[in-house]
Amino acid sequence: MALTSKEVEHLAILSRLALTDEEKALFAGQMNDILEFADKFNQLDTDNVEPMVYVLPANNVFREDEVIPGPTRDELLTNASAVEEGYFKVPKIL
Amino acid sequence: MNREYETVVGLEVHVELKTKTKIFCSCSTEFGAEPNTQVCPGCAGFPGTLPVLNRKAVEYAIKTGLALNCEIAEVSKFDRKNYFYPDLPKAYQISQYYMPICKNGHLDIEVEETKKRIGITRAHLEEDAGKLVHQGTITSTEYSLVDLNRGGMALLEIVSEPDMRSAQEARAYLENLRAILLFAGVSDCKMQEGSLRCDANVSVRPRGQTELGTRVEIKNLNSFRALEKSIEYEVRRQINAIEDGEELIQETRTWDEEKQVTRAMRTKEDAQDYRYFPDPDLAPVYISQEWIAQVSESMTELPNQARQRLVNDCGLPEYDASILTLTPATLKFFDEAITKYNQPKIVSNWIMGELNRLLNVNNMEIEDSRLVAGDLVELLKLIDAGTISGKIAKTVFEEMFSTGKKPEEIIKEKGLLQISDEDTLKGMIDEIVAANPKVVEDYKNGKEKAFGFFVGQLMKATRGQANPAIVNKLLQERLSRE
Amino acid sequence: MQLYDLTIHELTALIKERKVSAHELTRAYLQRIDEVEEQVGAFITRTDELALQQAGDFDNNPVDKPLAGIPYGLKDNICTSGIRTTGASKMLEDFVPVYNARVAACLEDQQGILLGKLNLDEFGMGCSTETSAFQTTSNPWDLQRVAGGSSGGSAAAVAAGEVAYSLGTDTGGSIRQPAAYCGLVGLKPTYGLVSRFGAIANSSSLDQVGVITRDVKDCALVLSAIAGYDSQDGTSAKINIPDYFADLSGDIKGLKIAYPREYFRNSTDTAVARQVKRALHAYEQMGAIVEEVSLPHSEYALPAYYIISRAEASTNMARFDGVQFGLRDVKADNIVDLYANSRAAGFGAEVKLRILLGSYVLSSDCYETYYLKAMKVRRLIHDDFTRIFENYDIIVTPTTPTTAFCRDEYRGNLLSLYRNDILTVPVNMAGLPGISVPCGFIDGLPAGMQLIGKPFQEKMLLNAALAFEQAHDYYKARPALGGDK
Ligand SMILES: [Mg+2]
Ligand SMILES: [Zn+2]
Chain A
1 MALTSKEVEH
11 LAILSRLALT
21 DEEKALFAGQ
31 MNDILEFADK
41 FNQLDTDNVE
51 PMVYVLPANN
61 VFREDEVIPG
71 PTRDELLTNA
81 SAVEEGYFKV
91 PKIL
Chain B
1 MNREYETVVG
11 LEVHVELKTK
21 TKIFCSCSTE
31 FGAEPNTQVC
41 PGCAGFPGTL
51 PVLNRKAVEY
61 AIKTGLALNC
71 EIAEVSKFDR
81 KNYFYPDLPK
91 AYQISQYYMP
101 ICKNGHLDIE
111 VEETKKRIGI
121 TRAHLEEDAG
131 KLVHQGTITS
141 TEYSLVDLNR
151 GGMALLEIVS
161 EPDMRSAQEA
171 RAYLENLRAI
181 LLFAGVSDCK
191 MQEGSLRCDA
201 NVSVRPRGQT
211 ELGTRVEIKN
221 LNSFRALEKS
231 IEYEVRRQIN
241 AIEDGEELIQ
251 ETRTWDEEKQ
261 VTRAMRTKED
271 AQDYRYFPDP
281 DLAPVYISQE
291 WIAQVSESMT
301 ELPNQARQRL
311 VNDCGLPEYD
321 ASILTLTPAT
331 LKFFDEAITK
341 YNQPKIVSNW
351 IMGELNRLLN
361 VNNMEIEDSR
371 LVAGDLVELL
381 KLIDAGTISG
391 KIAKTVFEEM
401 FSTGKKPEEI
411 IKEKGLLQIS
421 DEDTLKGMID
431 EIVAANPKVV
441 EDYKNGKEKA
451 FGFFVGQLMK
461 ATRGQANPAI
471 VNKLLQERLS
481 RE
Chain C
1 MQLYDLTIHE
11 LTALIKERKV
21 SAHELTRAYL
31 QRIDEVEEQV
41 GAFITRTDEL
51 ALQQAGDFDN
61 NPVDKPLAGI
71 PYGLKDNICT
81 SGIRTTGASK
91 MLEDFVPVYN
101 ARVAACLEDQ
111 QGILLGKLNL
121 DEFGMGCSTE
131 TSAFQTTSNP
141 WDLQRVAGGS
151 SGGSAAAVAA
161 GEVAYSLGTD
171 TGGSIRQPAA
181 YCGLVGLKPT
191 YGLVSRFGAI
201 ANSSSLDQVG
211 VITRDVKDCA
221 LVLSAIAGYD
231 SQDGTSAKIN
241 IPDYFADLSG
251 DIKGLKIAYP
261 REYFRNSTDT
271 AVARQVKRAL
281 HAYEQMGAIV
291 EEVSLPHSEY
301 ALPAYYIISR
311 AEASTNMARF
321 DGVQFGLRDV
331 KADNIVDLYA
341 NSRAAGFGAE
351 VKLRILLGSY
361 VLSSDCYETY
371 YLKAMKVRRL
381 IHDDFTRIFE
391 NYDIIVTPTT
401 PTTAFCRDEY
411 RGNLLSLYRN
421 DILTVPVNMA
431 GLPGISVPCG
441 FIDGLPAGMQ
451 LIGKPFQEKM
461 LLNAALAFEQ
471 AHDYYKARPA
481 LGGDK
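Taken in sequence, the protein lines are chains A, B and C.
The first sequence begins at 1 in my numbering and counts up by one.
The second sequence begins at 1 in my numbering and counts up by one.
The third sequence begins at 1 in my numbering and counts up by one.
In short, the hints are calculated from the structure, not lab data.
Take these hints with a grain of salt, some might be off.
As the list claims (entries may be wrong) - Now the in silico label distances, taken between C-beta atoms and shown as ranges:
hint: 1; chain 1: A; residue 1: E84; chain 2: C; residue 2: E368; range: 16 to 22 Å
hint: 2; chain 1: B; residue 1: F31; chain 2: C; residue 2: E368; range: 40 to 46 Å
hint: 3; chain 1: A; residue 1: F37; chain 2: C; residue 2: K256; range: 58 to 64 Å
hint: 4; chain 1: C; residue 1: K65; chain 2: A; residue 2: F37; range: 45 to 51 Å
None of the values given here were measured: they were computed from a predicted structure.
Note that beta-carbon positions come from the ideal geometry of N, C-alpha and C, so glycine has one too.
All chains should be modelled from the sequences, with the hints used to inform the complete structure.
Set out below in structure tokens:
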């Protein structure tokens with residue numbers, strides 16, 4: 001069940017990556033290699049295994065509901081390429 | 001509406017929780033700040049920043065869950081919902097998809113004296129998105145501006161079962177839900193400011209059919225009226241389509257307030273693959289029985305408990321009780337008034353009548369008005385003492401409502417004191433009777449209306465300030481002497 | 001011996017005794033960087049001016065802190081307020097954070113001297129710094145070879161005497177592998193011990209910030225400075241932090257050491273395996289109990305790691321869209337093109353591949369077959385370790401299957417390249433602490449031994465590492481570079 005360039009194209013749209021046709025073909029090949037290698041874990045019976053998301057010991061990590069002022073707006077906007085009147089600016093939304 | 005069809009409605013309600021800070025960072029949530037002034041690297045999605053959960057948001061979620069009769073999950077966790085949009089700087093929303101904090105609750109509504117239980121599937125915590133300011137309309141705009149002040153605010157999304165069968169039931173559900181959230185003190189629930197937002201899933205099916213019809217989701221309903229009207233519209237549209245043999249498509253629609261119609265936004269084919277998966281940056285939330293008990297103990301009266309109290313202890317009709325418990329501010333106003341004036345039904349009438357009328361006209365909430373319960377009590381006592389008439393009282397009340405002045409002050413200023421002095425009134429009656437011999441004749445011939453004519457003339461002469469009971473008595477005496 | 005050959009604890013002594021000022025020390029390091037950097041290529045950004053200013057401040061007002069006045073470098077995926085932080089990506093070529101990573105703040109607080117930001121594989125995705133958008137770092141022991149990765153710049157800079165120590169990040173071996181390739185001590189702490197705040201995320205459930213030093217005592221000193229709970233990191237552990245340096249004795253009598261047979265065969269080079277076996281023998285002679293064990297699910301760790309790390313990375317990389325920060329296609333006239341073009345221009349091939357693969361394994365059709373399955377395998381790997389730790393104190397393995405490889409050696413052979421992580425990845429999967437210490441030379445190239453400990457038992461790990469170090473002098477060797485020739 002090999003991945004095609006077409007499927008890679010779909011993933012590229014989903015991930016907002018403009019790819020050339022060469023890149024699509026290259027990535028399709030590389031992804032297939034990796035997935036084929038990964039498929040080896042299907043040999044394992046994991047029916048009764050609880051998936052492990054967190055390796056940390058079980059305890060709550062909370063913040064208290066207290067305001068800590070952030071950076072100034074100028075500081076916040078300093079790394080943005082396009083700003084207007086204190087806003088981040090983006091082109092037309094399709 | 002066509003009787004052969006049944007309407008099926010489920011609601012998804014987003015409630016902005018009343019926390020002082022955002023759900024995963026320490027930015028203020030104050031409403032109305034300048035754009036991007038309540039934003040930190042965290043809620044702007046900068047590299048290396050991490051979310052840390054606000055304890056208060058969890059507490060409010062537990063509170064809401066308890067108020068909605070939900071099971072509170074011993075362990076819940078957060079997931080990432082991945083999609084690109086400029087109001088979402090991380091390009092994923094942190095939400096609870098697989099393991100929500102509250103499940104399996106319910107809420108009771110009453111429509112046309114029929115009680116009904118609406119199931120609540122789940123309530124989960126998530127972060128809000130920022131706001132986009134479009135230059136022009138969304139379709140014609142050249143560019144948009146992004147304000148992240150709202151981005152990262154704590155939301156609780158409450159999802160109902162598709163248990164509602166009419167627009168009225170949907171409205172009643174939302175009203176009740178709002179009342180519960182307000183009483184629990186977890187949200188301001190201001191629909192205009194967006195702290196309560198509602199999406200409706202609407203479908204129709206031939207009566208008797210068990211499977212659901214094709215579902216349409218109406219987005220961004222920002223008033224009770226919009227909810228009711230959009231569902232009514234959508235039901236008609238769907239029935240017409242079916243009758244015309246058209247196939248309905250599962251889609252998202254938006255409510256056009258101006259034209260009073262719903263419009264297609266996107267179809268299911270456009271649906272994104274959100275690639276939900278557990279957010280590795282946030283440890284699971286563990287909620288102990290002790291914590292639940294603590295929150296439970298901190299909870300004050302909920303609307304249904306208050307309703308019971310008003311019926312049982314104050315002897316009010318169910319209807320009055322349900323109106324007085326729509327917001328905690330209304331109930332507080334009522335409770336304050338009756339501690340000083342123990343006539344619950346009279347107080348209730350004034351709140352449901354004059355007060356609510358004025359609030360509606362002015363599009364206000366009781367807590368925004370300048371009126372205090374003590375002033376209403378003063379007014380009621382003035383009526384009882386015969387200082388002013390009930391009719392004049394309404395004029396005074398209106399003035400109290402708009403200026404916040406005390407009733408006596410208004411009465412004095414405007415000269416609205418009731419005329420109860422018998423000698424003054426006798427003199428006026430004599431004049432009116434003498435000036436209208438023909439009507440006196442009619443009265444003697446048994447015409448009932450003639451009596452009313454004299455009362456009217458007298459009220460006119462006193463600008464409504466004559467004490468009606470005394471006028472009746474004196475007029476009766478005077479005419480019997482003719 | 002030159003100043004830049006000394007360890008932190010040696011330098012601290014000199015500073016305290018006023019035999020050298022921070023300014024002199026900083027000057028010596030800057031001169032060393034001038035001499036060798038062209039060959040090594042460890043730095044993305046140098047902060048000479050800041051360093052001299054920090055040194056001056058310290059000399060004027062000396063404080064008594066273990067790392068005060070000591071020159072260091074940071075991997076360039078660790079955010080520094082007011083100092084460009086690139087992640088070795090074109091995407092962040094001009095990015096200047098307004099916040100410090102927690103660990104950066106810790107070292108600033110120690111009044112250390114920051115010499116600059118060090119090269120890495122783009123966003124930490126790679127094991128040779130060859131995916132850096134700016135340069136490939138050379139191995140100071142053999143300039144034709146890579147320094148390892150992703151913290152290749154961090155390791156090479158220490159090995160070349162350009163900094164006294166450095167911080168790196170480790171997602172699947174990114175500290176331990178370059179430390180092994182460069183003959184250094186490299187520690188990946190227990191997940192949750194060191195704050196990740198301000199370290200640009202690669203794979204959030206696997207990433208840890210850690211330390212690269214010349215010897216074990218230095219490692220303990222730096223760890224003490226950066227470990228501990230941070231309210232800005234929701235996965236930070238609330239535990240008591242010991243002084244990792246105090247009472248390090250190197251006494252390991254009775255220590256129970258396990259070595260998993262799976263780590264010594266197949267892909268592991270026999271010369272490397274032999275070197276580690278020798279070390280195990282040495283441990284035995286020091287009074288440790290050494291026994292062979294099995295970690296049966298080891299071979300599944302790498303495939304599961306690919307899935308989990310790519311899944312997490314794909315969404316961690318989503319925030320780089322050209323709006324709030326980072327490279328932006330200014331010509332795009334709609335938002336979709338803005339995103340797609342900015343990201344296409346900003347990311348290198350390896351990052352793109354990981355984003356695509358991650359999106360794939362998380363898509364609704366693949367979630368169960370790949371992502372969920374990998375999480376279950378992760379549990380099995382974790383449980384393998386837990387079982388061993390019921391009877392043993394530490395686990396010893398080689399750090400890498402081979403010594404440092406040549407640039408371009410694995411071009412076009414991704415899977416072989418990835419196999420470099422095979423011995424280090426399981427430690428990240430289980431969230432355990434792992435340290436690599438030099439254990440000898442093979443054909444003139446350093447080899448590393450990995451010690452794996454129980455969660456939050458860094459002290460025991462450091463002590464065991466110290467025991468070996470005291471009995472051998474591999475750590476004293478320095479590569480011949482520049483003026484050394
Ligand atoms: Mg939602
Ligand atoms: Zn914030």
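Worksheet item: Which of the stated hints cannot be reconciled with the structure, identified by number in ascending sequence?
Response: Of the numbered hints, 1 and 3 do not hold.
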